[in-house]
Amino acid sequence: MITEGVPEKDAKRLRKYALEKGKIFNGPSSIGIMSAGECRLGVIGGEYKNLKLCNLYRAGSFGVITKSGGLSNEAMWLCAQNGDGITSAVAIGGDSYPGTDFVTYLQMFENDPETKAVVVIGEVGGTLEEEAAEWFGAEKRRIKLIAAIGGTCQDVLPQGMKFGHAGAKEGKKGLGSARSKINALREAGAHVPDTFGGLSKAIKQVYLELQATGIIKPEPELDEKLLPDLPPSVQEIMKQGDVIVEPLIRTTISDDRGEEPRYVGYAASELCEKGYGIEDVIGLLWNKKLPTKEESEIIKRIIMISADHGPAVSGAFGSIIAACAGIDLPQAVSAGMTMIGPRFGGAVTNAGKYFKYGVKEYPNDIPGFLSWMKQNVGPVPGIGHRVKSLKNPDKRVKYLVEYVKNQTTLHTPCLDYALEVEKITTSKKDNLILNVDGTIGCILVDLDFPEYSLNGFFVLARTIGMIGHWIDQNNQNSRLIRLYDYLINYAVKEEREVPEKK
Amino acid sequence: MAKILEGPAMKLFNKWGIPVPNYVVIMDPNRLEQLGEANKWLRESKLVVKAHEAIGGRYKLGLVKLGLNLEQALEAAKEMIGREIGTSVVRQVIVAEMLDHDEEYYVSIAGNRDGAELLLSNKGGVDIEDNWDTVKRLFIPLDETPSIERITEAAWEAGFVGEIAERVAKITSRLILCFDNEDSQSIEINPLVIRKSDMRFAALDAVMNVDWDARFRHADWDFKPVSEIGRSFTEAEQQIMDIDARIKGSVKLVEVPGGNIALLTAGGGASVFYSDAVVARGGSIANYAEYSGDPPDWAVEALTETICRLPNIKHIIVGGAIANFTDVKATFNGIINGFRESKSKGFLENVKIWVRRGGPNENQGLASMKKLQEEGFDIHVYDRSMPMTDIVDLALNS
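Quick mapping for you: the protein sequence lines, in order, are chains A and B. One point on numbering: in numbering that gives the first Met the number 0, the residue at position 243 of the first sequence is 242, and numbering is uninterrupted. One point on numbering: in numbering that gives the first Met the number 0, the residue at position 117 of the second sequence is 116, and numbering is uninterrupted.
These are calculated hints, taken from the structure and not from any lab test. Where hints are given, some of them may not hold.
Claimed, not checked - Okay, derived cross-link-like pairs now, DSBU-like style, lysine-lysine, Cα gap no bigger than 30 Å in a straight line:
| id | chain 1 | residue 1 | chain 2 | residue 2 |
| --- | --- | --- | --- | --- |
| 1 | B | Lys247 | A | Lys161 |
| 2 | B | Lys370 | A | Lys51 |
| 3 | A | Lys48 | B | Lys247 |
| 4 | A | Lys168 | B | Lys247 |
| 5 | A | Lys168 | B | Lys369 |
| 6 | A | Lys161 | B | Lys313 |
| 7 | A | Lys200 | B | Lys369 |
| 8 | B | Lys328 | A | Lys48 |
| 9 | B | Lys122 | A | Lys51 |
Throw the hints in and build the complete structure from the sequences for me.
Below, the structure written as structure tokens:
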């Protein structure tokens, strides 16, 4: 386990459970275990470069057991510098009650013929080092033991002071002090330098002795080719300019690699500061242009009047059903969003597209346009309404047209054209009026938005409404709903028996 | 380990049915007057007033006053609150009922690797250390609760007799529940007494340590741990503790007044060896500090600035072993920013900085640290080929 901050009681339980099962629990605040040239568990050993520097690609002759994670790495480095590297290294963790102890691993190293000596790095607190000394001194051991113990400075520091590790704390009456651990280990026959600085020398000395007695054979030279460097990352080579990578995507609207997002080059905060609004951000991100004051006012009003149209329409109703079914906000809004298509709200793009086509191809020939539409498209998108008619006009349309034409200086060829078309279609049928989709589509074309972006205005506006409906249903704690039977015409077969399958 | 003050400890005792004397904790002495109107015991009992702070040797410092009536208690509280003891200030006092008693008993529980150990003695009080061999010990295996019969037996063995043994056993069994359920590391009640007038037991004084890592499962732990080194935490220590509680990884600081070698060391293990190296060479450390577990750079920056502000420092040891996963470049960026900020505020004058480190992105980290030389820092940077604690020797020999 590689986790700091595990409660002591839980750590004790993990240890007990492992012991009952005949297993070893290493942790909780360990950084792992590794065997050189074999494998590693956890993050012990660090990055690739370090594995190479510490000769961890092949086994040496030293075992390493530490409480500290950082020092396990340091010890492996020292074993590589002053000896032939390690067989295995274990960080048991600096906890008050680690799941394992030095003795468990000392015994394993004693049983491992490849390991000739073991470096133990302990510290003030607990009794694991004393137990290690007792184990080492109890009988003649094959392995040599080298140890360094941290915390001798405790003598001159405030009594009761805590170091970084939870377990590094002297007990009452000097119990578990670094001094007593050093003494115990020395008495048991271990090499214990006075300071950490002496550890290199101790390792070197033991290594030379073991070599002299023939217990450690000289290491054969290793072919450098067997030790490749980790190939450089793409980022590194690109920095050196040696490689060009074909980009996967290309963007022309925004960039967040700097300190803050920039929309078509403009810093978002600067836009805020200079009084721009969400309409201008839409203009930038959808059309790469900053709208004029008048234009942004029109965009704003289009969104405002399209934001919601009551709970009964497909989009809002879809979101409400989902909200009642306990679906989360994004999914419920998507449910409503799914409704936007040819029959509901999705006509803005096509209306804009075809009226624009009319302006271009049949500028003074509306009957020509209508017959072209009839032959090639069908009903004119943006014309016609289920309930509204000439006598019962759509207020939103009236308002928008009047606002744009009378209160702004916007040049509106497309809208004018659509109004001319309306005159002809309504003469045929009362309800073939220019509807809100058509009006918005034409105005947006006149605002110079790309025609395929036009549905976006309806999607954006209705999102506001759908989120509102979702919040509303949640506020009310609405329950799951289903259609009443009387709202369904069950035009089904009578009950009958299922025939045997043939 | 987190030591808690008497007030919160008594609150936890109350929760688990362990008898404590009546008490109040106050910050404003005048509040005691009003509490006196509300509580009969304050008017009618003899009182004890104690500074409710992590200050060692309170009795000798005159921060414990015994046998007072309400008026005298008010005076004592007024006298104590606001008193400065070293770097600490007395902000709270605890006013408790004094109980007339003859005998003083000792009960404690301390956690160990396999569970906990119960200690019982009928010779408690200030002399407990002298009567240590009379203490009866009972091992409590992890997640097991000894039966009341077993505890009573232990009480007999500790010298308690008759009904008192039974009552002590009952209180002890509740204390075991409290220990177990409150994620305690140790509880020591000394003394436990019986009030003469009504034979009621009460824990007169208690020291309790709880496992601060377990605080997530204790909604009613409304206290903060207090310092265990005989003084309150300094403002700087408290600030670093607050940061430590908020981040991934950790930053730690203990100030050691009077020293001139500041430590800005990485790793729970290595930092101890750096302190050892300074002390072994006859130097005096100005602080103990440690950052580890790949903490965010801003946290290391805050620790750096705090350390740069330590008074009278001559050297800063930026030491560390070869990190496994702490990003040397990122954490060094925090340190570099901290150094720059401190220098611009006028600190680090005539301070030598000594750096030794290895680990992920060590080359970049060490290179940017080295660049500080160009900005006029007296900084000496070494990589992993420099033995870990040798920069301490270099500093002390310079």
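message: Lys370 (chain B) and Lys51 (chain A) were given as a pair; does the straight-line alpha-carbon distance stay at or below 30 Å?
response: holds, 27 Å
- prompt: Does the alpha-carbon distance linking Lys247 (chain B) and Lys161 (chain A) stay inside the 30 Å limit?
  reply: holds, 20 Å
- prompt: Within 30 Å, alpha carbon to alpha carbon, are Lys168 (chain A) and Lys247 (chain B)?
  reply: Holds. Lys168 (chain A) to Lys247 (chain B) sits at ~23 Å (cutoff 30 Å).
message: Checking one constraint from the list: CA of Lys161 (chain A) to CA of Lys313 (chain B), max 30 Å. Satisfied?
response: holds, 24 Å
message: With the threshold set at 30 Å, check whether the alpha-carbon distance from Lys328 (chain B) to Lys48 (chain A) stays at or below it.
response: At roughly 15 Å apart (the allowed maximum being 30 Å), Lys48 (chain A) and Lys328 (chain B) satisfy the hint.
- request: With a cut-off of 30 Å on the C-alpha distance, tell me whether Lys122 (chain B) and Lys51 (chain A) pass.
  value: violated, 62 Å
Hinted pair Lys200 (chain A) and Lys369 (chain B), Cα distance within 30 Å: Status holds; Cα separation ~29 Å.
message: Against the 30 Å threshold, does the CA-CA distance of Lys168 (chain A) and Lys369 (chain B) hold or violate the hint?
response: Judged against 30 Å, a Cα distance of about 35 Å means the pair is violated.
query: Is Lys48 (chain A) close enough to Lys247 (chain B), meaning Cα to Cα at most 30 Å?
result: With a Cα-Cα distance of about 25 Å, the restraint between Lys48 (chain A) and Lys247 (chain B) holds, given a limit of 30 Å.
The structure does not agree with the numbered hints 5, 9 stated previously, though it agrees with the rest.
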